[in-house]
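Novice: In case you want the letters, here they are:
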Amino acid sequence: MPQTLKLSIALLSLIFAGTLQAQAPTSKQAVLEHYTDIAHAVFTDSHTQAEELKNSIVALLNKPTENTLNKARDAWKVARIPYQQSEVFRFSHVVVDDMEAQINAWPLDEGLIDYVNEDYEGELGNFGADANIIANPALDFGGTLIDTLKITPEILADLNELGGSEANVATGYHAIEFLLWGQDLNGTGAGAGERPATDYALGEQCTHGNCERRRNYLLAATELLIQNLSTLENEWAPDQAGNYREQFLASGEQAALTKVLFSMGSLALGELAGERMKVALEANSTEDEHDCFSDNTHYSHYYNALGIANIYSGHFQGTNGDWLRGPSLENLIKDISPTLAKSLTDAFELTQAKLQVMVHRADASGPFASKTTMKFDQMIAEGNSEGVQIIGDVIESLVAETQLIEAMAKALDINRLTPDQVRQH
Amino acid sequence: MLNGKVRKLCAALIWCAALGLNNSVVASENNNRNAYSQPDGQLPLSQKLDFHVGNSFFRNPWISAPATTDARDGLGPLYNTNACQNCHIRDGRGHLPKSATDNSVSLILRLSLPAKNTAEKVRQSQHGPQAVPAYGKQLQDFALPGVAAEGRITLSWSALTVNFDDGDTIELRRPSFEISDLGYGPLPRDVEVSARIAPPMIGLGLLAAIDENTLRTWSDPEDRDGDGISGRINQVKLIGHETLSTGRFGWKAGQPSLAQQNAAAFHGDMGLSSRLFLKQACEPIQEQCLAMTTGGTPEVSDNILDAITFYTHNLAVPSPTRITLKNKGTLKQGRTLFLEAGCQQCHKTSVFTGTSSMPWLEKRLIHPYTDLLLHDMGAALADGRAEFSATGQEWRTAPLWGIGLSKAVEPQATFLHDGRARTLLEAIVWHGGEAQSARDKVLSMSRAERQSLISFLNSL
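Those protein sequences? They're chains A and P, same order as listed. Residue 6 is where the first sequence starts when you use the numbering used here, and the numbers rise one by one after that. Residue 1458 is where the second sequence starts when you use the numbering used here, and the numbers rise one by one after that.
No wet-lab data here; the hints were simulated from the structure. Careful: at least some of the hints might be erroneous.
[To be verified] As a list, the in silico SDA-like pairs of lysine to any residue whose alpha-carbon atoms are at most 20 Å apart:
#: 1; chain 1: P; residue 1: K1594; chain 2: P; residue 2: Q1499
#: 2; chain 1: A; residue 1: K59; chain 2: A; residue 2: D42
#: 3; chain 1: A; residue 1: K415; chain 2: P; residue 2: D1668
#: 4; chain 1: A; residue 1: K415; chain 2: P; residue 2: S1503
#: 5; chain 1: P; residue 1: K1505; chain 2: A; residue 2: T70
#: 6; chain 1: P; residue 1: K1864; chain 2: P; residue 2: T1848
#: 7; chain 1: P; residue 1: K1505; chain 2: A; residue 2: L286
#: 8; chain 1: A; residue 1: K82; chain 2: A; residue 2: Q361
#: 9; chain 1: A; residue 1: K415; chain 2: P; residue 2: F1734
#: 10; chain 1: P; residue 1: K1505; chain 2: A; residue 2: N60
#: 11; chain 1: P; residue 1: K1505; chain 2: A; residue 2: G326
#: 12; chain 1: P; residue 1: K1505; chain 2: A; residue 2: E105
#: 13; chain 1: P; residue 1: K1555; chain 2: P; residue 2: K1505
#: 14; chain 1: P; residue 1: K1505; chain 2: A; residue 2: N420
#: 15; chain 1: P; residue 1: K1505; chain 2: A; residue 2: K59
#: 16; chain 1: A; residue 1: K82; chain 2: A; residue 2: N60
#: 17; chain 1: P; residue 1: K1505; chain 2: A; residue 2: Q361
#: 18; chain 1: P; residue 1: K1694; chain 2: A; residue 2: R421
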């Protein structure tokens, strides 16, 4: 064979291979399947970390010291990392959002659960605000007696949103957070809740009374959280006939993609930029601090936003450090418009960078290492121009990000990003 | 949103247009319990953040002053509830208490004294209903600790049965309200009491944008065309203005703007002052009420009142039911029956909006099924309480758009001003006065026809 022909064949096959690569566009179905894989991974990780939290709580109950209490608090903070990344699944998937009331409801009337400071003002008109389940083996709500002698996960689930008031939060991360930290009585000043470990001591060491019931409550709330997260893990698990993942993947590509993008935009704009940041700025109120007992709100916001970016990039890093990667919206958009894909990547990166500033400022780390900490509840204090600037920058980047999510929707032939349930008449 | 197939079907059926199946007005498609809580489909993204801020203040509770939550303190001392959303449940309708012991949270009782002479009548028409000494114009059945609530509302029912021409019957229930445990002495014998249920919040900015001239064209106060339908514009007080303005909002169109409606609700229902109602909602003899700490002056900051006003302008109307091969026969028949009965004489099907301070609400073809005018609805529905130019027998035509989702949003939702109607059919049968002839035509329909009519209403 002449040299030239050989070369041409080689060249041809090279070109062919190159074309093949360019012509193998990412399929929407593959992206959607990977989306469900991320959901499964995120809820699995949330479940696993909740189990870790329980282990540390058991250690605390076995030996209530400041050390074991602090370890439980650390475990709670770690458990929040995957869960906050899961919130991007809330806004289109009823199965997730319905469970949210049990898992992550906030703000809560802490007087429903345990002792509070004397000047505590519950949500007025909320008869649950001073119920103090831990101190009362039976509760009387307007003539209806509720037996709380045994504090079990089931009883707590029933007590959640008691009387229809969303402030009656008896369960979930924030109930556990309150039980680990106690009330944050520092207003917009520095400091988080200061519950002593002896609140879980038995016998004479017990502080604030009812330690036995408080121990039961903490454990029951954690067990309920584990059950609920496990339910969601199963809803997204592959190869489980009849679960939500199966329904979702069978619902049609455009409908499913609309859900994906709607939920991303809803968390970015309405929930995170709006409810959790702009409202907090308008109200200047510590009540608007999402993780108010632990002062962990900066991380809560950071991982919420990262959860949105995960869906675009198709990447998720679990708590154990392992990466999940697969066909992504980014691949899909690159096939349509590399420019738009780049803008989106930049927008998600900018949001994380702005949130990193918030995290550094809150923890007095990085460029703020020489300063004192400024937690989210201090940033929103009236007249704190530095805090307003930091939060304002994050809001601005989230608005820009949402604009690009809308552009992405258009590029995918989604004309309107609305929740897409069909009327059933 | 319509797919190509349905759009073609619509082209074939002219009535699709009147049903509102038009992409330009479709706002949101959502049949779940949040169907009334979506932002208007044309709301620019740059403004959506304001919508969410307003939503937060609409939803979250207010607390008593003083509190660290400075922005949200000042509740009461006398109040009916502590959050907008408690009555406008998920931005939808309220309901009467299920049983006598239930808390009557989404219900208020308006109080007043009748105008007994010409001078009082003139005063009423210029300034609204006359307050009841010691109680004001509304009964507040909650109070902060240390203050006596004004009273307790007890509800009782009487049943009555109405026959359809085909022999079917329908049972109606009429509520009566007793006020006990009066906190500030006996009420006058001739006190007027009007019960009101919270109305849904959808499409209000679009209703605000309907041109006044359009309302004037629709109105026919002397019934010159002799069709038995008069239709009057309520002329009401716009705070800060000497002359009266066109009323649009409230069961008797007693409020001219959403800003004033919202401020009045903050004041009357939650005891919160704002720039429009600066005084505490306490009567002169309510000394404990007057002595309580306030949450600042005003308690609702201008920012928050504006955010709420923005929010209440921009709640989307859910899109109408999709027309399918399966339902088109029923819906078409229901629509024909609706028109033949003359319902559209007041429940106007289509109109273009005029100008608005929010440009995306302007020049839109909308299908609100209301004329925003007052009509005599007969003795059975009358509350006997005049409100500016509205008589005790007149009510504003209620918008019907989105009404089919009322119970998806709140399963206990009820209809008519005092929530007496459990179903749309009950509500229709209660119609009287100018609507008597339309109501009688419904009574003469067959069961199948009535079902088509209701399906049509549920599709709007």
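Novice: Each hint: holds or not?
Specialist: We went through each hint and held it up to the structure:
no.: 1; hint: P/K1594 / P/Q1499; verdict: violated, 38 Å
no.: 2; hint: A/K59 / A/D42; verdict: violated, 25 Å
no.: 3; hint: A/K415 / P/D1668; verdict: violated, 34 Å
no.: 4; hint: A/K415 / P/S1503; verdict: holds, 17 Å
no.: 5; hint: P/K1505 / A/T70; verdict: violated, 48 Å
no.: 6; hint: P/K1864 / P/T1848; verdict: violated, 31 Å
no.: 7; hint: P/K1505 / A/L286; verdict: holds, 16 Å
no.: 8; hint: A/K82 / A/Q361; verdict: holds, 17 Å
no.: 9; hint: A/K415 / P/F1734; verdict: violated, 46 Å
no.: 10; hint: P/K1505 / A/N60; verdict: violated, 43 Å
no.: 11; hint: P/K1505 / A/G326; verdict: violated, 37 Å
no.: 12; hint: P/K1505 / A/E105; verdict: violated, 23 Å
no.: 13; hint: P/K1555 / P/K1505; verdict: violated, 36 Å
no.: 14; hint: P/K1505 / A/N420; verdict: holds, 17 Å
no.: 15; hint: P/K1505 / A/K59; verdict: violated, 40 Å
no.: 16; hint: A/K82 / A/N60; verdict: holds, 14 Å
no.: 17; hint: P/K1505 / A/Q361; verdict: violated, 25 Å
no.: 18; hint: P/K1694 / A/R421; verdict: violated, 40 Å
The structure fails to meet hints 1, 2, 3, 5, 6, 9, 10, 11, 12, 13, 15, 17, 18 from the earlier list, while all remaining hints are met.
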